[in-house]
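Asks: Protein sequences appear in the order of chains A and B. Counting from -4, one number per residue, gives the positions in the first sequence under this note's numbering. Counting from 3, one number per residue, gives the positions in the second sequence under this note's numbering.
Rather than coming from a laboratory, the hints here were simulated on the basis of the structure. A couple of the hints might just be wrong.
[What the hints assert, rightly or not] The calculated lysine-lysine pairs, modelled on BS3-like cross-linking and capped at a C-alpha distance of 30 Å, are:
1) A/K49 to A/K340
2) A/K76 to A/K49
3) B/K269 to A/K129
4) B/K243 to B/K269
5) A/K340 to A/K129
6) A/K311 to A/K76
7) A/K109 to A/K76
8) A/K232 to B/K243
9) A/K232 to B/K144
Since the structure is predicted, the reported quantities are computational estimates derived from the model, not experimental observations.
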Amino acid sequence: MPLRLKLKARDLARTLAATAAITGLVATAACGTRAGEETAATESCVDTSGDTVKVGSLNSLSGTMAISETTVRDAIALAVKEINAAGGVQGKTVEIVAEDGASEPTVFAEKAEKLIREDCVAAVFGGWTSASRKAMLPVFEDNDSLLYYPVQYEGLEASENIFYTGATTNQQIIPALDYLAETGVESIYLVGSDYVFPRTANAIINAYAEAHGIEVLGEDYVTLGSTEFSTIVNQVKSAGADAVFNTLNGDSNVAFFREYANVGLTAEDMPVMSVSIAEEEVGGIGVENIEGQLAAWNYYQTVDSPANTAFVEAFKAEYGADRVTSDPMEAAYTSVYLWAATVEKAGSFAVADVQAAADGVSFESPEGTVVIDGDTHHVTKTARIGEIRADGLLYTVWESEGPIEPDPFLEGYDWAAGLGDTE
Amino acid sequence: MDLLVGQLFTGLSTGSILLLAALGLSLTYGQMGVINMAHGEFIMAGCYTAYVVQQAVGDAGASLLIALPVGFLVGGAMGLVLETLLIRRLYHRPLDTLLVTFGVGLILQQVARDVFGAPAVNVAVPEALRGGVDLLGVTVPKTRLFIMALAVVSVAAVTLVLRFTPAGRRIRAVVGNRDLAETAGISSRRVDAGTFFIGSGLAGVAGVALTLIGSTSPTTGQSYLVDAFLVVVAGGMGRIKGAVVAAVALGALQAVFETYSTASLAKVGVFLVIVVFLQLRPQGLFTLRTRSLA
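Take the sequences, apply the hints, and build the full model.
Replies: Rendered as structure tokens:
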């Protein structure tokens, strides 16, 4: 053997396994300290005696999720700037302490702890993946602090210490299914990334389909970030479903839609309903590969309302005319205003006062009026089905009759009985 | 039956993508033994080269043809810099090389994020490569046929260079027995730099081609890195032939498993097969026979 070939295949495998094991250990250790030691809620160190009040903005500015979360950070900063320009909250100027979650749930937990304990923020805005939210949840509960989480998610959660300003399943997935059923779809094919959101979403879709006589012709998962879709797309094509329900996340969408267009499938013969593709993602996929396909959200840049016109104008003025606004950005922007309104109503920044005052607090947001539900800490949202057009924007083709009440545990749907216990 | 034949063809196409991503690595890791965790970022650099060239040229077809050689030079130049500044100093410390190149990979990702922005960019596919061709009951996208052809051309080029050019002979001599090669007057330092240049350049070419089917974002390279290492490890160190056979075999395996289960389960199946295979044959499919004692 030549001198340099010191590392053989087995050694490399061993090294990689060891690295994985160490990473695992570190992660578990982090979980251990996080959930264990600080069970006794510590005295809040939030200082509101001066002219300013601090809030945290915790988003992934590096790593895989930076692609999405940097836009949320921008939206949060815009809302804070506007609120300050209008006189602040309780007469105090809001000051942002920004932290990078680095796309790692353990880092999110660590930084949340830092924001609460060292920076003494009154509330934290941010988080994107369900894994990051689940990692932060015990931190906010143990320290009795507040997190405003702005992204649509799989539901089945309601923490006293989290306000969920994105859609839960009955405000996004169920309306999307209603829409498909209304347009005569009798069979669907499910494609998703392999993690908690797509798996939960598809469990709901399967239950819905069974109750509504829709046939599920296939259900496929790929690892996050996978770009290999030839087998799946060929299976989708030969299954011949009326529509595809897509819960893929991130870069996989690019490979999926390119392959989809290349084998000759179009929005006319087999539309794809996506729940993770917004204005930001269309550019990367290439509008020629996705034109005519459908998405389900609560907000699009094209929503026609005075509040939205003002939001889009302000955003473009702040960050550049080429930027677009999307649903999670709007939900994050709204979450800051909801927090401010709740504090004004409570007349206090204290967590207990904010929690007590939250029920019924409303805000005229770009997507329409949203109202906080005090029981679940979710908000009412209008569901909208959007079509992707040639300019790369999404246009509403259907919307729910008014805002939908949040129902994170799907208690109001008979066919969903039992889904809430699966977690 | 038709489906199976079709799937085998899909496997061939998946395999050619794996091969393209792994070919450069089979030179730098397989031949030189350098574990370069930044290989994926060289692929990513190739993707962004395709993007930049397309922005400058406009026409998607012409820009693809220009981007392929430019991608080779960009990847190669980055590899050369990495080799000269860091890897050369760490040749006898493979684990340090692993960590250092991993760090370099993270830095390159962040640079891409700062220069091009975090969201994925779109590299348009040339008109001539849009759509698909019906073969044995499955529709094969033309982009995949192009990648297959490119993989064949790349392997042929590397083989020809290694076998018939003086530089290739020197590379083989150094890989076969470094001390003896040095005694014979070969500057192993220059050979190392040259090999690393070619290997990294091939990653750049792979990046340009992969924009046809995948996304172009700062983290694009990561998704190919593990697969590329698998191909080289399963194929056996030091043999291009091994990489070719392993890539096609893994592609076919993935495609067939996927037909009978789901994509993520298929991945588990492929990994299991590799683990069992490496237990039985730790040196991989093919090995380089040398007279050295190490």
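Asks: A separate judgement is required for each hint: does it hold in the structure or not?
Replies: Hints versus structure:
no. : hint             : in the structure
1   : A/K49 to A/K340  : holds (19 Å)
2   : A/K76 to A/K49   : holds (13 Å)
3   : B/K269 to A/K129 : holds (27 Å)
4   : B/K243 to B/K269 : holds (23 Å)
5   : A/K340 to A/K129 : holds (29 Å)
6   : A/K311 to A/K76  : holds (14 Å)
7   : A/K109 to A/K76  : holds (23 Å)
8   : A/K232 to B/K243 : violated (35 Å)
9   : A/K232 to B/K144 : holds (17 Å)
Going through the hint list in order, the structure does not satisfy hint 8, though it satisfies all others.
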